[in-house]
Amino acid sequence: MNVLNFMQSFFSDGSHWHGYDGIPQRVWEHIQYTAGALSIAAAVGLPIGLVTGHTGRGGNALAFVSAGARALPTFGLLVLMFVWLGLGIVPVMIPLVVLAIPPILITTYEAIRTVDPSPVDAARGMGMAERKILFQVEVPAALPLILSGLRSAAIQIVSTATIAAYVSLGGVGRYILDGLYQRNYEKVAGGAALTAVLALLVLVLFWAITRVAVSPGVRRRRTV
Amino acid sequence: MNGFFDIPSDLQSSYAGLIGGHMLEALVPVLVGLLLALPIGLLCVRFGWIYPPVLWTTTVLYAIPSIAFFVVLIDYTGLSRTTVMIPLCLYSLVVIVPAVVDGVRSVPEETNAAAAAMGIGTVRRYLQVQLPIAVPAIMAGLRVATASSISLVSVGSLIGNQGALGNLLTTAMLYHRPLLAVNSVVTTAVLAVLIDALLVLLQRVLTPWQPPSSRRAGRGRSTIPGPTRTPESVS
Numbered sequence: 001m002n003v004l005n006f007m008q009s010f011f012s013d014g015s016h017w018h019g020y021d022g023i024p025q026r027v028w029e030h031i032q033y034t035a036g037a038l039s040i041a042a043a044v045g046l047p048i049g050l051v052t053g054h055t056g057r058g059g060n061a062l063a064f065v066s067a068g069a070r071a072l073p074t075f076g077l078l079v080l081m082f083v084w085l086g087l088g089i090v091p092v093m094i095p096l097v098v099l100a101i102p103p104i105l106i107t108t109y110e111a112i113r114t115v116d117p118s119p120v121d122a123a124r125g126m127g128m129a130e131r132k133i134l135f136q137v138e139v140p141a142a143l144p145l146i147l148s149g150l151r152s153a154a155i156q157i158v159s160t161a162t163i164a165a166y167v168s169l170g171g172v173g174r175y176i177l178d179g180l181y182q183r184n185y186e187k188v189a190g191g192a193a194l195t196a197v198l199a200l201l202v203l204v205l206f207w208a209i210t211r212v213a214v215s216p217g218v219r220r221r222r223t224v
Numbered sequence: 001m002n003g004f005f006d007i008p009s010d011l012q013s014s015y016a017g018l019i020g021g022h023m024l025e026a027l028v029p030v031l032v033g034l035l036l037a038l039p040i041g042l043l044c045v046r047f048g049w050i051y052p053p054v055l056w057t058t059t060v061l062y063a064i065p066s067i068a069f070f071v072v073l074i075d076y077t078g079l080s081r082t083t084v085m086i087p088l089c090l091y092s093l094v095v096i097v098p099a100v101v102d103g104v105r106s107v108p109e110e111t112n113a114a115a116a117a118m119g120i121g122t123v124r125r126y127l128q129v130q131l132p133i134a135v136p137a138i139m140a141g142l143r144v145a146t147a148s149s150i151s152l153v154s155v156g157s158l159i160g161n162q163g164a165l166g167n168l169l170t171t172a173m174l175y176h177r178p179l180l181a182v183n184s185v186v187t188t189a190v191l192a193v194l195i196d197a198l199l200v201l202l203q204r205v206l207t208p209w210q211p212p213s214s215r216r217a218g219r220g221r222s223t224i225p226g227p228t229r230t231p232e233s234v235s
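Quick mapping for you: the protein sequence lines, in order, are chains A and B.
Position 50, counted from 1, in the first sequence is what the UniProt record's numbering calls 50; the numbers after and before it change by one each time, with no gaps.
Position 65, counted from 1, in the second sequence is what the UniProt record's numbering calls 65; the numbers after and before it change by one each time, with no gaps.
In short, the hints are calculated from the structure, not lab data.
Please note: incorrect hints may appear among the correct ones.
Computed footprint of chain B on chain A; a stretch qualifies when at least three of its residues, placed anywhere within it, have a C-beta under 8 Å from a C-beta of chain B [stated by the list, open to error]:
hint, segment
1, 37-48
2, 67-75
3, 132-146
4, 185-195
Glycine residues also receive a C-beta, built at the ideal position from the N, C-alpha and C atoms.
Take these sequences, add in the hints, and give me the full structure.
Below is the structure:
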């Protein structure tokens with residue numbers, strides 16, 4: 001009757017560990033969805049956030065767009081795309097990307113915008129080109145915050161990708177949904193545990209990236 | 001029977017009924033979350049050491065998908081609206097607690113000192129001095145929590161007829177009627193935008209000392225409402 005018991009019996013059942021419905025296969029699918037959606041969202045959100053943050057223009061438009069994207073229900077969007085486009089990876093990717101863009105966009109914009117203006121002015125005074133100022137002064141200083149935006153987006157995608165199972169795709173959401181319909185709580189608890197573990201792995205991954213990528217000088221100042 | 005606002009009878013609700021149910025299921029959890037977050041925030045500010053564990057617990061809870069939450073809760077609360085509302089309440093806590101803590105921490109030390117010098121006690125100082133000053137930060141969190149709560153109610157349709165507007169989605173799948181899904185998505189989005197606008201109005205009312213023009217701040221100050229440390233949200 002206990003969630004922990006459910007998890008234990010799920011993970012100790014050998015049949016859950018191989019084959020088409022095995023844990024490695026499902027986790028791999030989940031990672032693929034997450035990585036795909038995050039890359040697309042980052043490819044869209046990062047450049048726009050960097051440019052608007054650097055120029056300081058378009059902040060209101062950005063707030064408007066991201067509020068709009070936040071208002072769209074992810075689950076509803078998924079079903080809508082599925083009904084329109086049929087089965088496939090695209091109807092799953094669209095809602096996940098829409099979900100991930102606002103945190104990336106807003107955090108990048110804010111990160112660049114709130115960089116201490118004095119080094120930026122100094123760089124400009126030294127005659128650095130605007131592009132160089134952005135990438136060599138502002139981005140390194142704003143990197144911790146930019147990464148935190150990406151991290152939020154990644155965690156949102158990881159736990160939301162479970163609904164991909166609702167439109168017959170894979171991922172660890174399969175266990176949750178199948179378990180729900182079969183009244184098999186072991187499966188549900190196992191799927192939930194796998195999602196939580198994946199989310200924690202994302203946290204660890206981003207912690208590691210921050211350690212490697214953020215310049216020590218910046219890291220010392222930001223002890224958040 | 002194919003009009004935009006025609007709702008199939010198996011949903012046992014009119015269009016207005018679905019909207020009412022959606023609002024109930026989305027807003028009550030946020031309200032409860034706010035009421036819980038205020039004392040928790042006070043404790044986190046007073047005793048700094050409990051803040052990290054609180055943050056960690058809520059973040060881990062946040063990472064659990066709502067469907068999984070529902071299924072675990074069905075044993076206790078059945079296929080009811082409560083089952084949908086409990087996870088939503090937990091999720092809003094994750095967003096609102098940091099907003100409260102950040103907002104209260106941003107109150108200038110001189111203000112606190114002045115209040116203390118005037119003989120205002122801890123609880124009264126919290127309610128009458130710190131919270132009003134923290135309103136913009138709390139509102140930012142509240143707006144994010146409300147938007148995600150409105151969006152998440154739909155997932156409740158996975159555990160039977162508990163998703164309000166989300167129930168249209170399951171019916172759309174079942175009978176392959178895309179229009180119902182469009183209706184669900186559009187109505188939910190419109191509701192989210194309307195409620196957000198109401199919250200912005202409420203903030204104007206609650207912070208009469210802030211001129212609207214101060215929202216357009218110079219470089220180095222935030223122009224966009226919403227916590228920069230974006231919360232890790234879920235499905």
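These are the hints, each one checked on the structure:
1. Here's how the segment 37-48 of chain A fares: 0 of its residues keep a CB closer than 8 Å to some CB of chain B, so the rule of at least three is not met and the hint is violated.
2. For the segment 67-75 of chain A, the proposed coverage by chain B is satisfied: 8 residues have a C-beta within less than 8 Å of a C-beta in that chain, meeting the threshold of three.
3. As drawn, the segment 132-146 of chain A meets chain B at 1 residues by the rule of a beta-carbon pair under 8 Å; below three, the given contact is violated.
4. Using a Cβ-Cβ cut-off of 8 Å, 6 residues of the segment 185-195 of chain A lie near chain B, which meets the minimum of three, so the contact claim holds.
When held up to the earlier numbered hints, the structure conflicts with 1, 3 and fits the remainder.
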